[in-house]
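Chains as they are written, first to last, in the working numbering: chain A, 1030 to 1321; chain B, 1030 to 1321; chain C, 1030 to 1321; chain D, 1030 to 1321.
Hints may be right or wrong, so weigh each one.
Here are some of the chain D residues that sit facing chain B, going by a computed Cβ distance under 10 Å [claimed, not checked]: (1) A1101; (2) D1292; (3) R1316.
Label-pair ranges, simulated between beta-carbon atoms [as the list claims (entries may be wrong)]: (4) A/V1135 - D/F1104: 14 to 24 Å; (5) A/A1070 - D/D1130: 41 to 51 Å; (6) B/A1240 - C/G1134: 18 to 28 Å; (7) C/E1253 - D/K1249: 52 to 62 Å.
No wet-lab data here; the hints were simulated from the structure.
A virtual CB, placed ideally from N, CA and C, is assigned to each residue, including glycine.
There are 4 protein chains.
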Amino acid sequence: MNIAFIGLGSMGKPMASNLLAAGQSLQVWNRNPLPAEELAALGARVCTTPRQAAAGADVVITMLVDDNATRAVLFDAGVLEAMTPGSVHVNMATISVALADELTGVHQARGLGYVAAPVLGRVDVAAAGKLNILAAGAAERVARIQPLLDIMGQKTWYYGEQPSQANAVKLAVNFCIGSAIETMAEGAALSRAHGVAAADFIELITTTLFAAPAYVGYGKLIAEEKYEFSGFKLALGLKDIRLALAAGESKNVPLPFASSMRDSLLEAVAHGDGDKEWAALARVAARRAGLE
Amino acid sequence: MNIAFIGLGSMGKPMASNLLAAGQSLQVWNRNPLPAEELAALGARVCTTPRQAAAGADVVITMLVDDNATRAVLFDAGVLEAMTPGSVHVNMATISVALADELTGVHQARGLGYVAAPVLGRVDVAAAGKLNILAAGAAERVARIQPLLDIMGQKTWYYGEQPSQANAVKLAVNFCIGSAIETMAEGAALSRAHGVAAADFIELITTTLFAAPAYVGYGKLIAEEKYEFSGFKLALGLKDIRLALAAGESKNVPLPFASSMRDSLLEAVAHGDGDKEWAALARVAARRAGLE
Amino acid sequence: MNIAFIGLGSMGKPMASNLLAAGQSLQVWNRNPLPAEELAALGARVCTTPRQAAAGADVVITMLVDDNATRAVLFDAGVLEAMTPGSVHVNMATISVALADELTGVHQARGLGYVAAPVLGRVDVAAAGKLNILAAGAAERVARIQPLLDIMGQKTWYYGEQPSQANAVKLAVNFCIGSAIETMAEGAALSRAHGVAAADFIELITTTLFAAPAYVGYGKLIAEEKYEFSGFKLALGLKDIRLALAAGESKNVPLPFASSMRDSLLEAVAHGDGDKEWAALARVAARRAGLE
Amino acid sequence: MNIAFIGLGSMGKPMASNLLAAGQSLQVWNRNPLPAEELAALGARVCTTPRQAAAGADVVITMLVDDNATRAVLFDAGVLEAMTPGSVHVNMATISVALADELTGVHQARGLGYVAAPVLGRVDVAAAGKLNILAAGAAERVARIQPLLDIMGQKTWYYGEQPSQANAVKLAVNFCIGSAIETMAEGAALSRAHGVAAADFIELITTTLFAAPAYVGYGKLIAEEKYEFSGFKLALGLKDIRLALAAGESKNVPLPFASSMRDSLLEAVAHGDGDKEWAALARVAARRAGLE
């Protein structure tokens, strides 16, 4: 099976590495050529354009940063044109439901398969091949690429025939993460206002009722007020909440927590924290209460 | 040490049982006499009035349902009058910060000690003596009753000299629980609107990023749409969110998630779900999206 | 008809003056004696206690600042005890629905009449006898005091037999005022962020679609950023929004705008603007957008 | 001066009629040819394509329903290509700030002038030539077309050199309208829950503090529960709130009332009221309170 892997960012590179390590044959492309060259050492064939990478591939995997980057590669850079009829495009990025639906139609019109397979897990999880993969698309297509997904992830969750269903679930999960951050932010502000350190409140909840990765990870940053970028930028969180709101809007689903969070994230960006950690949302709650 | 235990509801009874089982001497009172009689079999001395239970006790523990019940027992039923100067009142209920502050002053004026010690954990946790106890009050007073807390709980978290600090933290935790429910409610509505069953979404998050008791427990109810009362009434959740908002208001802390949740809880009550499980909040999100 | 007028603040004094000017016989009391002495010059009999003022009166009018002041005068200072059975208490203050309902019961039990008659209009309107009076209570009682209301106001709006109905409407109106302020605050922030002065935006709306007193008055303050106290304190606005939320809560009415506004008002207080004009709410919207 | 008028909907037709009645020479186009034919009787030259209408015109006025319709006419239908360098495009529709900024650049690159001139006023106001026109763009260009604006409107408000500034203000005004509707909706729900008819509450405010067109007009619909389409569809209101939120987002301006309203509007659409009057928002507040 010839595989193209396009997009070797912090997530894409370890995912592609795992495929290579498992003996798969990869043609790779990345805007910045450095990560591609590193993969060459592992046996990847480095291409100079996305189109070249996609040409002749049975499976084209893309892992690009957002809707715009995905559009640029697929349409402007000619990946769709280069793909062979009958081949499958596996889009593992977090994109909008609207783009997923659009791409579903575009692929179908060209005789190409389209599978959405966004992932849960950060860079270290990707490196360990332990991602949770949310897949949707024609069942037989997902089955065909399942061996590849099994190399990159610990489990594949199948969400239906319509590819955008996986994107909707992914956005719902990211909404949950943002909501957990805002919840800790408000709870910490309430505690602090009553003379209890944020760290003491966070320790309580993250070792009892909320002893789960999302709370433990972001809670630690809030407790230690470590808001310099270390993993997930607040501005990207805002992007995901915006996509969740759009996914809701397309089906008339009010999401009051997401709406409230969007306002708080905008306030964070307005105060210069867009490039800090998503957990910097806690500064908004504190500032509103006059605690900064 | 003579101990009075007042309030033998679903939480109070197993807590008092554990004290008795550990060899403590208890005078007990409950509005409904049945639970008190059950404890008599374990060696408790059953009193016919709260005043009688409090008389002569070194430590008076109260575990009453809300502010009003607490006021009724302390003031109207004469517990404060009956208490011996130098004795300590340990209030383990979830009450308002305002009442905690008021009681702190009232006890001080009477030469009585006041310790706030609200708990985390449901009935089964109380029965197992595994509660997390949030304590605040004069450090030496908390130290004096620590052996009792160690019988009822697995861990005591100390939050400062001002008793209401423990109440503030307890309310912040309950706010987090409500927030988790609303988050799952919105996420499930978003998923359902895109054709993914609520149960499939809930299973994903509660086995990965949100694999923690609060999400697992309430998530299961939402996934199975089991909203008949089984543990914690929605109307009680509304009461706690109201107290969290009041605790915020007293220190000028805006809590936008709590405000939003309060409106959703009122809507649930307006639609007849006040006596159902707190998780019935998910019906509000679904109804708003036209999914019911 | 013997009339007692209790509470001669910025609103009460001109209202009582108008009654005196119309030839009514008044016994007056105020906590601060100065305004009472001024009314003595117009023929009022100044009393040294609220009880003395109420004794023997056919109609007792109270115009006190809030629930607490009203309770203090009625219960602690003995006004209810002093009132003659068959006499009527006309409460013209903005109080809670809950207190109105409580007072309705208390008066009935004592054989006293209770009419709620809160007013719309500021000091100058009161001085001109042009208030809009929102009345509720037994129809024949309202009819009996109608001549007095006609002296103080330009129109009486009757809202039903239950006195608290007038209070609910009054709180709904004050909610509308706060909502207009928040609306202008957000609209002005949006305009400013796009390079249009707040004053230019405010002028547009207040001379066209929103050419009404509430917008014109508060809009002018926002346009000129005149937030020093000149008429209605932000903290009082917060009190009224709190009462509106409570009035909603008692009937399970979600009020999302009121909830949102409460958070903004708390933020204003947290930043030191509680004693400024209600219009200072606009500073919150601006600060959130990084415009200050 | 040769004028092209493209878009003869409910607003565009009376605006174009007024230009014709004032002796201006117009080339017109409309997707549905009927309104164009009516204007032929008044002297308009009817064109069969937008491109034909724009060719040779000194001023091209467009009044199209939304961003998509505007794009379709300008780009796909060749209006921009057909316009003569040095001519001016006056866009009087309510479009997004983002599209206004994009069009500003596109026109500049082609040597065309671009003026934004969205309007306040409904069909009857347009027919009377009494619109309020919000204009922005190069001052000399606005001055050049001022005689045309004076025919269509009673007043032109100038908001700066950047055309999108007028769009931002227009969206801020429509946000105010929506906010007034939601405010009355909540106030009416609160009143009704306390036994006061919505009509009685609406009459009070719309004849006193809120005696302005926006409240009087929409208040009447709420009071009479007349929600069948008669002037402005709820779905269009949702579109405008979405554009206001986007205008805020582009400058990091949180708009909590707009966010809250968006959720309520989505709920209305989810319950089948998208094609009803914007005032049908009041049904949402009532339903949430269990009043329907």
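Consistency of the hints with the structure:
no.	hint	result
1	A1101	violated, 29 Å
2	D1292	holds, 8 Å
3	R1316	holds, 9 Å
4	A/V1135 - D/F1104: 14 to 24 Å	holds, 20 Å
5	A/A1070 - D/D1130: 41 to 51 Å	holds, 46 Å
6	B/A1240 - C/G1134: 18 to 28 Å	violated, 52 Å
7	C/E1253 - D/K1249: 52 to 62 Å	violated, 33 Å
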